[in-house]
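Start from the sequences, fold in the hints, and give me the full structure.
Protein chains: 2
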Amino acid sequence: MAGRQRADRNRDGTTPPEGPSNVFSPSAEFPPLNDAELAALREIGRAWGAALRDHPPDETELPLDPNLDQHDHPPTPSRFGRLARVEMFRTGRREELTATGAENVSGGRLGRATGRLRRLLLGPPLASAAVLQERMRKLVALPVLSSDLLSSVAYGPEAMLAVLVLAGSGALGLSLPIAAALVVLMIAVGTSYRQTVYAYPHGAGSYLVASDSLGPRFGLTAAAGLILDYVLTVSVSVAAGISAITSALPGLAPYTVPLGLLVIAGLLAGNLRGVRSAGKLFAAPTYLFIVAILLLFAVGLARAAGRGFEPVPPPPVGAVEGLGLLVVLRAFASGAASMTGIEAVADAVPAFRPVEWRQARTTLTWMVGILVVLFAGLTVLIDFNGLVPRADETLLSQLARQTFPSGPWYALVQAATTLVLLLAANTAFNDFPRLLFFMARDDYAPRRFLHMGDRLAFSNGIVALAVTAALIFVAFGGYTQSLIPLYAVGVFLAFTLSQSGMVMHWRRHRVRHWRRRAAVNAVGAALCAIVLVTAAVTKFVDGAWVVVVAVPLLVLLCLHIRSHYDAMRQALTLATAPDGTPPPEPDQHDEPAGEPDRAGEPDRAGEPAGGGDLDVGLTPAQVRHLVVVPVARLNLAALRALAYATSLGQPAFAVHLSPEPEEADRFRRQWEIWGSHLRLETIISPYRAVIAPLAQYVGALHAARPDVTLTVVVPEIVVRHLWHQLLHTRTELRLRRALRDLPGVVVTSVPVHVPE
Amino acid sequence: MAGRQRADRNRDGTTPPEGPSNVFSPSAEFPPLNDAELAALREIGRAWGAALRDHPPDETELPLDPNLDQHDHPPTPSRFGRLARVEMFRTGRREELTATGAENVSGGRLGRATGRLRRLLLGPPLASAAVLQERMRKLVALPVLSSDLLSSVAYGPEAMLAVLVLAGSGALGLSLPIAAALVVLMIAVGTSYRQTVYAYPHGAGSYLVASDSLGPRFGLTAAAGLILDYVLTVSVSVAAGISAITSALPGLAPYTVPLGLLVIAGLLAGNLRGVRSAGKLFAAPTYLFIVAILLLFAVGLARAAGRGFEPVPPPPVGAVEGLGLLVVLRAFASGAASMTGIEAVADAVPAFRPVEWRQARTTLTWMVGILVVLFAGLTVLIDFNGLVPRADETLLSQLARQTFPSGPWYALVQAATTLVLLLAANTAFNDFPRLLFFMARDDYAPRRFLHMGDRLAFSNGIVALAVTAALIFVAFGGYTQSLIPLYAVGVFLAFTLSQSGMVMHWRRHRVRHWRRRAAVNAVGAALCAIVLVTAAVTKFVDGAWVVVVAVPLLVLLCLHIRSHYDAMRQALTLATAPDGTPPPEPDQHDEPAGEPDRAGEPDRAGEPAGGGDLDVGLTPAQVRHLVVVPVARLNLAALRALAYATSLGQPAFAVHLSPEPEEADRFRRQWEIWGSHLRLETIISPYRAVIAPLAQYVGALHAARPDVTLTVVVPEIVVRHLWHQLLHTRTELRLRRALRDLPGVVVTSVPVHVPE
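Residue numbers (UniProt numbering), protein chains in the order written: chain G, 1 to 756; chain L, 1 to 756.
If you're looking for bench data, these hints aren't it; they were derived computationally from the structure. C-beta: ideal position from N, C-alpha, C; glycine also. Among the hints, a few may not be true.
As the list claims (entries may be wrong) - Cβ-Cβ distance ranges computed for the label pairs, FRET-style: (1) 113(G) to 322(L): 32 to 42 Å; (2) 477(L) to 284(G): 55 to 65 Å; (3) 557(G) to 266(L): 36 to 46 Å.
Here's what the structure looks like:
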């Protein structure tokens, strides 16, 4: 399968995955080890074998069976009662358990209530095995994926006419040739995308295609454009949907912003439920919209026929600026907003039922066909009826009101328009998390976007989109026309890069008819590039500059994220060399001479005492322990920590920090009363600081012997109510923060529970 | 010493402290153990001795000397470079180190810059040994402690006249008899407090006296009144100070609020520097104020003599309400605001140089004397000059303008008034943290108020006061007269309780002349009670209701805090019975039968394997270990954690959480390549949750064998830049949170550093 091979190349060639890489799998969070890493692992395992030769860890040593096999009695709730529902059962295999409960356990009563509310809103959790069942049939996919594209006709023609009318009502007649050009563009881009779906059967948005064919930076540029596009799709569609409502019910106009936020919240909840449920919810309105607009055409044509196809002249409107090429180009670029959403199918191929690419391609063809009919029909009908854009009522609303002067039909058209626009926003909720998933898998976005929620939806991406779109919606006051200039630039940037990428793709893969295919994509790319440049230049001051600034910033951010993950992978990899050479064996180095304590220490593992590099510590023999127990007061918490530390059987001592020598003396007397079972070290902190001297002392110990792993054992007071934490100094937490920068210093907190 | 014994009783009799309890010592954060606890400690120590009989921890086992003695080479900065300044040196004694640096180490570059700025603003840290040097001489104490009291004359007479003028200008003549009554009250209360200072030589504010003599609830009521008083002192004094400025320079009136906030910030910084520096800063202005007002008297009298002591009739003002008893009482209660601050000396006795009580008493006498002169003189002079309160200019400003129609003398009076008012706020900064210290020592306030900052100031209390006062200042728009009604109620509540407490005190302690002394305090208490009731009733709707509501709420909060600390002390004490019986020895209980793993486990300490109560685990023999290592991926971080866990030499196994069985199989193959050195348990999480199943699994392990201490070893990815944490899932942190409610589950984080 050609698609499979190509998809693999996406992943920068370093780690060929076992399965197809363009599908969504929960295992994406756990990338497998590559050969070099496996070789290193084998080598390290041998070193462990040598280290543990004399004292191999014995399974029978475990004080309880980790399989929980022999415990028939159900585990009882803990004293704090928060982990009450502990139900785990064995599957057939010996070393495998399956978790039945997916609830979040933390948070006590409030957390459980939230969990219940969550289940009520989102439905029961879905197992990973259900991924395949969550695919869409064409008839479901069409409304889910096309609402964005089709709903664009609700504001696209209006955006075009709103520019033309600036040159006076005489210029409105130009809408027909511009619309014809746009129809050509739609068909060209649609044909281009049909090829993309075929070439990338495992799902291929602009990001994947551009990354694959043009390189990662172009891919990221396309991704940045798409990210802006998706966010704006939500904002624009919700804004247009609300204005369809306020056109019908002008009394609601003051509530534009809260209404919009309510809608975004609803979309958020719907999408967190997962793909298929969302499809079901959203299928009817799209079909309703198509039917309503077609009905509008039919009645409109009948009425036009009634008056002998005599066009109504538009009301005279004075020209604000002269009719020049610039106005025509701006009108063209504005009208191109009708095409936003055409890429949805290409992105979402894996969400289709098998055979995915075939179903997706058919769906795409249908979508473009319907788009052309709706767009062309509306433009002609608006021109024919001599309608002019107005601030308080949308063009579509005017048209519907003229066509159906009274009765429920006008209400039907408006309701269908509103619904489909709100669902258009939903398309972005489908695509945005998918895009982020691919980017995260390539380490260009935070890896948390790889995580599938318990409803098999990418919850993190969905929430991120809802929050960003809501912010933009509020910032622009929910006004559609001020958002449009930002919109087209991002979309056509992604289109252009995606189509150019396809040209490169065909040139490289020279399959049958590759020249013809490349030509089709080249035409698409050229047309998209023209729209892109037109939109960016003619609308620069109107808001397009935001996109021109944001895209490079987003690309830089992605590259920075990637470089951080690269550094982390470098720091965590087992294989230091690409040929699989294991990390060098540690050797004795820079130990302070004349260390009388060293000689007396027994070698626990029968190995020569490995000093070891700081960065190694990979085998047990390399770890030399010293346990430090800071003790403030000899109470139960301190004795617990001391008992824990001592019982580990490793060298240990205690540290007491005192603000005054007198207090230190008093403490030492208590220590003697206890029996001085451990060495006690006292630090006088004359300036009464607590954390800094302790951290500096541990730092000094570490500096004196960097090869020793220092384990700092601190009791942690656990209180029942969160606000009670204010009453405690939380030494454990602060010490942990102060020490976390020191390599080789391990902090262990022994919890001590205060019941009230 | 009688005061010493009495002071000890304050501490509820449970832990008699070694030193005098009414002084401020940094050791207050480390209360010593009582006899019962010491006995329990000795008993527990014996159990340890038995447990460690065969394997006593050997000091020579330590891989390095905790004394850092044999390491002459200075410790080198760590790889992360944040703990660079590690300088510690030994004092003469063997087991004692002294920390030289008190800087906070955390926070990297920003933290170090903050530290430098802090030193610049606050000065170098002061050692605990410097506490005694920070005492005040009388001549320094007088201005520091009296500015509140003396500055009250800047708004007290005005508050009185502002009420009288409501009954028309004819009623203003009543100011003289009311003032006379207030002078009697001042002398009576002053005499009362002289006795308090004598009876409580270690410092005795209303809180201590009322707690000691009337019981903790009365003490807390007094404390609540004082807390409100201190906060309002800052707000009122700053407001009055700013209005003294705006009287002179009306152009500044619009900037009242920002100016006030600036002043509060200045006071905050000044007080964080510590007691003596604050005294030095603030001595001159108070003396200047006294001199300026006396000069005003002299010139005013001379002018009056010039016109033959003929009083000027006030301008006619229409009566808003009839002249009745209510108006007179309200005027009296308002005028009593001139007495706020009289308790400052009694609170601050320990800040005086030895002999403290004698110096304090002399200072108090001087203060009250000066107050009477200033208050009486101003009232007479205002009446004599026929002045009437106005909204845009203070009475004192009017008086000064009339007395010094031109030249620098008017400016001098206004400047001195402003300064002394701002310093009055400073009195609260001295007293508020002291009050909270006493309350915290009795467990009625968060214990962090016990902590002395590195300048020997109670930084936490100072910051708390500044923030609260600033909030109230902003809430009331910096307008003095609207704050006055809240003011008097809290103050006189504390006065009344304190004086009543003194009556009880003398009745109980029948020292020489106790009847006379009790009579003096009884008169003081009665007078204060009259003012309290008057103020609360007549000004209830004007704002006194806030205090009437807030005082009981504060008392309840304090009692709640106390009960939390009591519960904590109960949970942490070694002595379960008051007679010093040690906690019962643990015995074998409720262990699941047929546990084949148990038999094979070697007894590490030669003791019979102690199952042990959950709440015990106090000796090493009672701790039975099981180490659990959650592993997501076999990278360096995981191998570090595995090596650390294995090297502890305790029974250990690993857990892998997988979203799908296929991924689990893949992981097990890798585990086998590594060599399967540890037992591996796999949990399938079909709903892709990570933390919840792990926590539930650990909870199930714990429930299966509650006597086993589970140590969960997790690698923690440490990044250099804070925002990079967003790119990581922070499993360690979330797992720690989910597990902290489980007793007997210890979480150990092994840091792995990512350099970029």
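Quick rundown of the hints versus the structure:
1. 113(G) to 322(L): 32 to 42 Å: violated, 59 Å
2. 477(L) to 284(G): 55 to 65 Å: holds, 57 Å
3. 557(G) to 266(L): 36 to 46 Å: holds, 42 Å
Checked against the numbered hints listed earlier, the structure breaks hint 1 alone; every other hint is satisfied.
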